[in-house]
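Going by our numbering, the residue at position 62 of the sequence shown is 146; the numbering climbs one at a time, nothing skipped.
Just so you know, the hints here were simulated from the structure itself, not pulled from any lab data.
Computed from a prediction, not measured in an experiment: that's the story for all the values here.
Hints are not guaranteed to be accurate.
Simulated crosslink set (DSS-like; lysine-lysine; CA at most 25 Å straight-line) [to be verified]:
id : residue 1 : residue 2
1  : K90       : K131
2  : K131      : K89
3  : K89       : K103
4  : K107      : K131
5  : K131      : K103
Quick list of the computed label-pair ranges, beta carbon to beta carbon [said to hold, decoys possible]:
id : residue 1 : residue 2 : range
6  : V94       : R144      : 30 to 36 Å
7  : S113      : A155      : 16 to 22 Å
8  : L159      : D138      : 18 to 24 Å
9  : L102      : S132      : 19 to 25 Å
Ideal Cβ positions, reconstructed from N, Cα and C, are used throughout, including at glycine.
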Amino acid sequence: MQDFKKLNSVAFRYHVYLKEDGKTFVHFSRYQHEDIQQQLLETPSFKSFQQQRDESGLERTPVIEVLQPVASSHLLFDEE
Numbered sequence: 085m086q087d088f089k090k091l092n093s094v095a096f097r098y099h100v101y102l103k104e105d106g107k108t109f110v111h112f113s114r115y116q117h118e119d120i121q122q123q124l125l126e127t128p129s130f131k132s133f134q135q136q137r138d139e140s141g142l143e144r145t146p147v148i149e150v151l152q153p154v155a156s157s158h159l160l161f162d163e164e
């Protein structure tokens, strides 16, 4: 997360939530364009996190869901 903060980009938002079970994490990433997504995915600390996560003995395989924005009460990014 520290490396993402250092990027200081207005083109993405990244949040991590812990569910009520106390062991399930939800990572929520919004990005303005695919270039910034690729930059995030290539961040060395994020790659290391993914490797450690995968080698930790997860109870379930991570699930990736792609959501399409439909409506918002505010602008998601400054350039909209």
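Quiz item: Hints broken by the structure, by number, lowest first?
Solution: Hint check: 8 fails alone, others pass.
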